[in-house]
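Novice: Here is how the chains run, residue by residue.
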Amino acid sequence: MPDRQHTSKHYEQQLRELKDKLLLMSHKAELMIADSIRALVDRRPTLAEEVIGRDDEVDRLEIEIDNLCYQILALEQPVARDLRFIATALKIVKDLERIGDIAVNIAERAIELIQEPELKRLVDLPIMADAAQKILKESLDAFVNSDTELAEKVILNDNIVDHLYEQIFRELLTYMLEDPRSISRAIKLIFIAKHLERVGDHSANIAEMVVFLVRGQDIRHGTRLDRR
Amino acid sequence: MDPVKINVTETNFFYGPRQALYKVTLGIRPRSITALIGPSGCGKSTFLRSLNRMNDLIPGARLEGKVELDGQDIYSDSMDVILLRRRVGMIFQRSNPFPMSIYDNVAYGPRVNGLVKRRIQLDEIVEKTLRAAALWDEIADRLHRSAMSLSGGQQQRLCIARALAVQPEVLLMDEPASALDPISTAKIEELIYDLRKTYTIVIVTHNMQQAARVSDETGFFLSGRLVEFSETKQIFTAPRNRETEDYITGRFG
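Residue numbers (this note's numbering), protein chains in the order written: chain A, 1 to 228; chain B, 1 to 253.
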């Protein structure tokens with residue numbers, strides 16, 4: 001958000017409230033992902049249950065943020081950067097909500113996996129989880145600080161997460177080929193890896209919206225609709 | 001690409017010792033709507049009025065630089081100012097119909113300019129013009145009533161009709177809807193939008209949403225300088241200049 005304040009204090013306050021809600025929601029979503037992975041790695045079913053329970057708060061924030069956006073659009077008719085901020089809010093709120101859902105999915109798989117003996121010691125999956133969480137955190141930092149350089153880094157680093165997913169997929173495939181009894185657990189671990197890969201994608205989406213917010217430039221899908 | 005209709009180059013404007021415009025340069029495309037926005041006293045009305053030499057009437061007013069209409073310098077000695085104002089008409093903030101009938105308001109220009117020979121021809125012009133100004137359907141049955149009996153919005157559309165009746169090429173509008181209710185404003189805006197097909201329109205407005213709704217290009221003035229001149233959709237989604245952004249988002253002053 002620009003440093004200069006609106007002449008209208010009420011408008012300024014509404015935009016601030018919107019930003020605060022987005023920050024709160026992103027903080028909650030980020031924490032849900034971290035805890036869902038911790039629940040899996042440390043084999044803590046109660047933590048996984050807790051993550052599942054927290055999704056309602058994220059969903060509630062999604063609705064609140066949507067409503068606030070519609071209200072500002074209708075009553076303040078934002079333009080320029082304010083308009084791009086509202087458009088960004090409406091889009092990243094969807095990514096954040098999906099990240100919350102992904103954490104729930106990971107937590108559900110974790111609960112199932114904890115009930116069975118460990119297939120193997122998890123090495124690559126925590127590495128992938130760290131990588132996915134890192135770019136999620138960076139995408140949110142980029143949003144908070146209007147940092148387009150960091151946003152562009154996130155978009156590039158999404159590839160690292162994609163590669164880790166392929167690596168984990170191949171490794172778990174060999175387990176399944178060697179021992180059919182491992183299939184159920186291996187598939188669940190592949191699901192989790194896939195979920196983490198999606199976290200990377202949502203982070204990249206958020207990062208793309210940060211570039212749009214700051215520069216008014218759409219860089220999605222490799223397009224560069226440059227301002228003339 | 002279209003040639004420009006009005007070309008303004010390095011124009012300074014002075015009210016006596018006070019400079020009101022600084023090195024303004026811009027090109028206005030034909031058959032388009034150009035909106036001029038900016039805070040009070042920024043020079044946008046001065047600029048608008050310099051396009052048909054309305055400022056000539058102010059003592060001590062002086063212009064430097066060049067304003068060309070179809071490539072012809074409108075401030076040159078050879079320019080016929082009366083003819084210029086027929087080609088470049090003006091609509092003001094307060095509707096100012098003449099205290100005569102609706103018909104005579106519209107017929108006034110063609111009559112004094114000797115544009116018509118016969119009554120039937122004049123009838124045609126009046127109807128055609130009132131239709132163009134989106135007023136005909138509302139007043140066709142009372143053409144000979146006083147223009148003062150019309151509502152504010154109708155009066156303003158009558159003034160637009162009166163301006164159109166002398167077949168201008170350019171219409172300058174200074175806050176044409178600021179004294180009207182939202183429905184009348186919407187009608188004026190709809191009219192302006194339609195007129196674009198035939199005329200080149202330059203509109204000064206304090207209403208940013210109006211500029212956003214009706215114009216193709218927008219110029220932002222600040223302290224006598226043209227800060228930014230871009231496509232309207234660019235200005236209102238991603239302006240290039242920080243001052244423009246601060247102004248249109250309401251972070252001004």
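Please note that the accuracy of each hint is not assured.
[Said to hold, decoys possible] For each label pair, taking beta carbons as the anchor points, the in silico distance ranges come out as:
| hint | chain 1 | residue 1 | chain 2 | residue 2 | range |
| --- | --- | --- | --- | --- | --- |
| 1 | B | Pro182 | A | Lys9 | 24 to 32 Å |
| 2 | B | Ser76 | A | Gln77 | 25 to 33 Å |
| 3 | A | Gln5 | B | Pro182 | 22 to 30 Å |
| 4 | A | Arg220 | B | Arg242 | 19 to 27 Å |
| 5 | B | Pro182 | A | Arg215 | 51 to 59 Å |
Honestly, the hints are just simulated from the structure, not real lab data. The model shown is predicted, which means the values in this text are computed figures rather than measured ones. All residues carry an ideal CB built from backbone N, CA and C; glycine is no exception.
Novice: Can you let me know if the beta-carbon spacing of B/Pro182 and A/Lys9 is within 24 to 32 Å?
Specialist: holds, 26 Å
Novice: At the C-beta level, are A/Gln5 and B/Pro182 separated by a distance inside 22 to 30 Å?
Specialist: For A/Gln5 and B/Pro182 the Cβ distance comes to about 29 Å; the hint holds.
Novice: Between B/Ser76 and A/Gln77, does the C-beta distance stay in 25 to 33 Å?
Specialist: violated, 44 Å
Novice: CB of A/Arg220 to CB of B/Arg242, is that within 19 to 27 Å?
Specialist: At 25 Å between Cβs, range holds.
Novice: Take a look at whether the Cβ-Cβ distance between B/Pro182 and A/Arg215 falls inside 51 to 59 Å.
Specialist: violated, 35 Å
The structure fails to meet hints 2 and 5 from the earlier list, while all remaining hints are met.
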